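*Asks:* Sequence:
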Amino acid sequence: MAAPESKIDVENDIRNLVAEILETEPGAIKDTASFVKDLGMDSMMALEILASIEKKYRIVIPEDKLPKFTDLKTTISIVKEILAKKK
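Here the sequence shown stands for residues 18 to 104, where the numbers follow the numbering used here.
Be aware that one or more of the hints could be misleading.
[Unchecked claim] List of simulated lysine-lysine pairs, DSS-like, C-alpha gap at most 27 Å: (1) Lys54 with Lys82; (2) Lys82 with Lys97; (3) Lys103 with Lys85; (4) Lys47 with Lys90; (5) Lys104 with Lys90; (6) Lys54 with Lys103; (7) Lys97 with Lys54; (8) Lys72 with Lys82; (9) Lys73 with Lys104; (10) Lys104 with Lys72; (11) Lys103 with Lys72; (12) Lys85 with Lys72; (13) Lys102 with Lys82; (14) Lys90 with Lys103; (15) Lys73 with Lys85; (16) Lys102 with Lys72; (17) Lys73 with Lys103; (18) Lys54 with Lys85; (19) Lys90 with Lys73; (20) Lys103 with Lys82; (21) Lys85 with Lys104; (22) Lys97 with Lys47; (23) Lys47 with Lys72; (24) Lys82 with Lys47; (25) Lys104 with Lys82; (26) Lys85 with Lys47.
[As the list claims (entries may be wrong)] Here are the in silico distance ranges between beta carbons for each label pair: (27) Leu64 with Asn33: 28 to 36 Å; (28) Ala101 with Lys72: 14 to 22 Å; (29) Arg75 with Glu37: 18 to 26 Å.
Worth flagging that the hints you see were computed from the coordinates, not collected in a lab.
Small disclaimer: the values here were computed from a predicted structure and weren't measured.
Backbone N, C-alpha and C define an ideal beta-carbon position, used for all residues, glycine too.
Required output: the full structure, derived from the provided sequences and hints.
*Replies:* Set out below in structure tokens:
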């Protein structure tokens with residue numbers, strides 16, 4: 018039987034989480050769309066997304082990674098990297 022982490026669909030989970038906070042459809046969020054410029058995310062939404070990701074995956078996102086959370090693709094990549102180190 019596989020470990021629970023291997024069953025996590027990080028990409029889908031984060032896309033849905035971002036869509037919920039931005040009040041849009043998950044399919045409307047392109048992987049490389051800028052959270053701020055293209056999707057209208059403000060700083061409060063960004064903090065809410067980061068806090069939700071940390072809570073969902075029980076991880077701590079290092080402060081130096083925060084400025085890199087600019088689009089869905091990068092966000093997913095960083096979260097997967099942190100989860101891989103957690104194992």
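*Asks:* For each hint, tell me whether it holds in the structure or not.
*Replies:* Evaluated hints:
1. The suggested pairing of Lys54 with Lys82 holds, with an alpha-carbon distance near 19 Å, which does not exceed 27 Å.
2. About 13 Å separates the Cα atoms of Lys82 and Lys97, which keeps this hinted pair within 27 Å; it holds.
3. Taking the CA atoms of Lys103 and Lys85, the gap is near 20 Å; set against the 27 Å cutoff, the hint holds.
4. For the proposed pair Lys47 and Lys90, the alpha carbon gap of about 9 Å is at most 27 Å, so the pair holds.
5. At roughly 22 Å between alpha-carbon atoms, Lys104 and Lys90 fall within 27 Å of each other, so this suggested pair holds.
6. The hinted pair formed by Lys54 and Lys103 fails the criterion: a straight-line CA distance of about 32 Å is larger than 27 Å.
7. Restraint check for Lys97 and Lys54: satisfied, since their Cα atoms lie roughly 24 Å apart, inside the 27 Å limit.
8. For the hint pairing Lys72 with Lys82, the CA-to-CA distance comes to about 17 Å; that is within 27 Å, so the pair holds.
9. Of the pairs offered as hints, the one joining Lys73 and Lys104 holds, with about 16 Å between alpha carbons and a cut-off of 27 Å not exceeded.
10. The suggested pairing of Lys104 with Lys72 holds, with an alpha-carbon distance near 17 Å, which does not exceed 27 Å.
11. With a C-alpha separation of about 14 Å, the suggested pair Lys103 and Lys72 falls inside the 27 Å cut-off, and the hint holds.
12. Restraint check for Lys85 and Lys72: the C-alpha separation of about 19 Å stays at or below 27 Å, so the hint holds.
13. Taken as a hint, the Lys102 and Lys82 pair is honoured in the structure, with Cα atoms around 15 Å apart against an allowance of 27 Å.
14. Restraint check: the Cα-Cα separation between Lys90 and Lys103 comes to about 20 Å, which is no more than 27 Å; the hinted pair holds.
15. Proposed proximity of Lys73 and Lys85 is supported: the alpha carbons are some 19 Å apart, at most 27 Å.
16. Pair hint Lys102 plus Lys72 holds up; C-alpha atoms about 17 Å apart against a cutoff of 27 Å.
17. Our distance criterion of 27 Å between C-alpha atoms is met by Lys73 and Lys103, whose separation comes to about 14 Å.
18. At roughly 14 Å between alpha-carbon atoms, Lys54 and Lys85 fall within 27 Å of each other, so this suggested pair holds.
19. Between Lys90 and Lys73 the CA atoms are separated by roughly 18 Å; this keeps the pair inside 27 Å, and the hint holds.
20. Taking the CA atoms of Lys103 and Lys82, the gap is near 16 Å; set against the 27 Å cutoff, the hint holds.
21. Restraint check: the Cα-Cα separation between Lys85 and Lys104 comes to about 23 Å, which is no more than 27 Å; the hinted pair holds.
22. Restraint check for Lys97 and Lys47: satisfied, since their Cα atoms lie roughly 18 Å apart, inside the 27 Å limit.
23. The suggested pairing of Lys47 with Lys72 holds, with an alpha-carbon distance near 24 Å, which does not exceed 27 Å.
24. Note on Lys82 and Lys47: the hinted pairing holds, with a Cα-Cα distance of about 21 Å set against a maximum of 27 Å.
25. A distance of roughly 19 Å separates the Cα atoms of Lys104 and Lys82; the hinted pair therefore holds under the 27 Å criterion.
26. The suggested pairing of Lys85 with Lys47 holds, with an alpha-carbon distance near 17 Å, which does not exceed 27 Å.
27. In this structure the supplied range 28 to 36 Å is violated for Leu64 paired with Asn33, their Cβ-Cβ distance being about 18 Å.
28. For Ala101 paired with Lys72, a C-beta distance near 19 Å keeps the hint of 14 to 22 Å intact.
29. As the Cβ distance of Arg75 to Glu37 is approximately 19 Å, the hint placing it in 18 to 26 Å holds.
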